[in-house]
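Enquirer: Below are the chains, spelled out letter by letter.
Protein chains: 2
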Amino acid sequence: MVTAVIVAAGSSKRMGGEVDKLFLEVQGMPVIGHTWKTFDEHQLVGEIVVVVREDAQAAFEQLALNLPLHKPYRFIHGGDERQDSVRNGIRAACEESQIIAIHDGARPCVDQETITNTIRAAEEEGASVAASKIVDSVKLSDGHGRIIQNIDRTHLWSVQTPQVFKADVIGEAMKAVADEGIFVTDDTSACELIGQSVVLIESKNSNPKVTTESDLAFVSFLLQQ
Amino acid sequence: MVTAVIVAAGSSKRMGGEVDKLFLEVQGMPVIGHTWKTFDEHQLVGEIVVVVREDAQAAFEQLALNLPLHKPYRFIHGGDERQDSVRNGIRAACEESQIIAIHDGARPCVDQETITNTIRAAEEEGASVAASKIVDSVKLSDGHGRIIQNIDRTHLWSVQTPQVFKADVIGEAMKAVADEGIFVTDDTSACELIGQSVVLIESKNSNPKVTTESDLAFVSFLLQQ
Numbered sequence: 001m002v003t004a005v006i007v008a009a010g011s012s013k014r015m016g017g018e019v020d021k022l023f024l025e026v027q028g029m030p031v032i033g034h035t036w037k038t039f040d041e042h043q044l045v046g047e048i049v050v051v052v053r054e055d056a057q058a059a060f061e062q063l064a065l066n067l068p069l070h071k072p073y074r075f076i077h078g079g080d081e082r083q084d085s086v087r088n089g090i091r092a093a094c095e096e097s098q099i100i101a102i103h104d105g106a107r108p109c110v111d112q113e114t115i116t117n118t119i120r121a122a123e124e125e126g127a128s129v130a131a132s133k134i135v136d137s138v139k140l141s142d143g144h145g146r147i148i149q150n151i152d153r154t155h156l157w158s159v160q161t162p163q164v165f166k167a168d169v170i171g172e173a174m175k176a177v178a179d180e181g182i183f184v185t186d187d188t189s190a191c192e193l194i195g196q197s198v199v200l201i202e203s204k205n206s207n208p209k210v211t212t213e214s215d216l217a218f219v220s221f222l223l224q225q
Numbered sequence: 001m002v003t004a005v006i007v008a009a010g011s012s013k014r015m016g017g018e019v020d021k022l023f024l025e026v027q028g029m030p031v032i033g034h035t036w037k038t039f040d041e042h043q044l045v046g047e048i049v050v051v052v053r054e055d056a057q058a059a060f061e062q063l064a065l066n067l068p069l070h071k072p073y074r075f076i077h078g079g080d081e082r083q084d085s086v087r088n089g090i091r092a093a094c095e096e097s098q099i100i101a102i103h104d105g106a107r108p109c110v111d112q113e114t115i116t117n118t119i120r121a122a123e124e125e126g127a128s129v130a131a132s133k134i135v136d137s138v139k140l141s142d143g144h145g146r147i148i149q150n151i152d153r154t155h156l157w158s159v160q161t162p163q164v165f166k167a168d169v170i171g172e173a174m175k176a177v178a179d180e181g182i183f184v185t186d187d188t189s190a191c192e193l194i195g196q197s198v199v200l201i202e203s204k205n206s207n208p209k210v211t212t213e214s215d216l217a218f219v220s221f222l223l224q225q
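Residue numbers (our numbering), protein chains in the order written: chain A, 1 to 225; chain B, 1 to 225.
Please note that a few of the clues may not be correct.
Copies of the same chain look alike in the list, so a pair counts if it works inside one copy or between any two.
When the alpha-carbon atoms are kept at most 25 angstroms apart in a straight line, the in silico DSS-like pairs for lysine-lysine are as follows [to be verified]:
1) LYS209 / LYS133
2) LYS133 / LYS71
3) LYS204 / LYS133
4) LYS37 / LYS204
If you're looking for bench data, these hints aren't it; they were derived computationally from the structure.
All chains should be modelled from the sequences, with the hints used to inform the complete structure.
Expert: Take a look at the structure:
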C-alpha cells in the first residue's frame, strides 16, 4: 500500500500571502486540484494525506467536493517548517502503508510515469526522488553577483518531488533530523543522516514548482501537453 | 560598437545529425532565424558574426535572404570544439568593436532586456553572463544514479548566453585557454584563467537551449509570450 503525502501547507510568502498560490486557477482548476487529481488517479496510490494550514482547511474541503476523487483522503495540519509538515503527514499515513510518496502541492505537472518509477525504485531500494540532469553550466557566486568558481556539472542533478520512501526508512530519517535538530531543504537529505542511499529517477517531463504567479503560463502550457 | 557572435556551428549529434536543430521551424521561422533577428533588432548591436559549419553556409545564406535584417553580418567557419568556433568568431569582429556578445544560436528565446543588461555590465566591469538562480535542491550523483551528497544551492547559478566581454578581455582569456591547452564548456570559464571577474545578470525570461526536437514545444510557447 502506498500513501501519497501532498504538502500543501506553505505560507506562500513569495506571492505576498494574499492569494494562496495553490488556489490559483490554471487549466480550469486550482493548481492543487491538478496535483491531487494526479495522485488520486495513480493506480499504485491507496490513500492521500493532504497537509494543510489550519486556516486553509475549509478551502481544501470545498475543493475536494469539486474534484472527481476516488481514493480515501484526510487532512492534517502542517508545522512551522516544511520538514515539520512532512513529519505530520507521514504520521498520518495508515499503519499498513509500506511506501510513502511525498509530493509538493505546488508541482501540478508531475506525470503518472514518474510517480510509478519513483515508487518502484523506493520499493526496491528504500528511497528515490524525481530529478533532472542540470544541462547549463553551473557557477558559484560570491553572493554579490559575481562568479567565483566554475562547478563541474557532470554529476549534478536538480531534484523535485515525488520523493518516495519505504515507511520505516523515512520514519527513521525524520527521527534523525528531529534528534539532531537540523534543517533540511528536502526529504532525501534526511536519508543522508542514516546512510540510506537515494535513487535518482529522471523526470519524464518538466515538473516545476509554482512559486510566483508568473510561473502559471508555463504550468498551463505543460498541463496542456 | 558591439559585435554579436552567434555560435551556430554545432554538429547536432544529439538530434541524430539528420536535421540541423537550428533549422527546425518554430513559430514560422527556423530556430536560428529567431536568434539572429533578435540580435539584429537590438539597438546596441552594430554587427553580427555568424559562426557556421562550412557545409551549412549555403543554408544560412539562403536564410539571411528571408530575414528582415538591418545590420551588417558575415559568416565565419567554426572549429572542432565550441571554444574554437568562439575564437574564430571573435577574430572576425571588426577592429573598432569594443564589446563582444557571444550567443548560442540554439537559444532563440533571449530577450532584448537581458541582452542590454549583459552588454551594460560588460562595458562597466569587463565580463558578464545571462544566468538564473538554481531553485530546486541540487544533488551530486555517484555517476550510477544514486545521490552521494547534497549540494548547498544558495549561491549556485546556471549560466546561459549571452556571455559578453570587453574585446581585450575575451581576447586575452581565449589566448590563455589556447596557451594552456585546456577545454572550457563556456566562455566565462576562460575568464577565470586571467583573474577577470564575471557579473551574473539574471535572465528576465526562460532562455533554454534547443538540444532535442522535444524542446520545440516549450520554445514555441516562450516565443509566443
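Enquirer: Determine for every hint whether it applies to the structure shown.
Expert: Checked hints:
Proximity of LYS209 and LYS133 under a CA criterion of 25 angstroms is satisfied in both settings, with 17 angstroms inside one chain copy and 14 angstroms between copies. Neither within a single protomer nor between protomers do LYS133 and LYS71 lie at most 25 angstroms apart by alpha-carbon distance, with minima of 33 angstroms and 38 angstroms respectively. Taking the shortest Cα distances, LYS204 and LYS133 sit within 25 angstroms of each other both inside one copy (12 angstroms) and across copies (23 angstroms). Taking CA atoms no more than 25 angstroms apart as the test, LYS37 paired with LYS204 passes inside one copy only; the shortest distance there is 18 angstroms, against 32 angstroms between copies.
Hint violations for this structure: number 2 only, all remaining hints satisfied.
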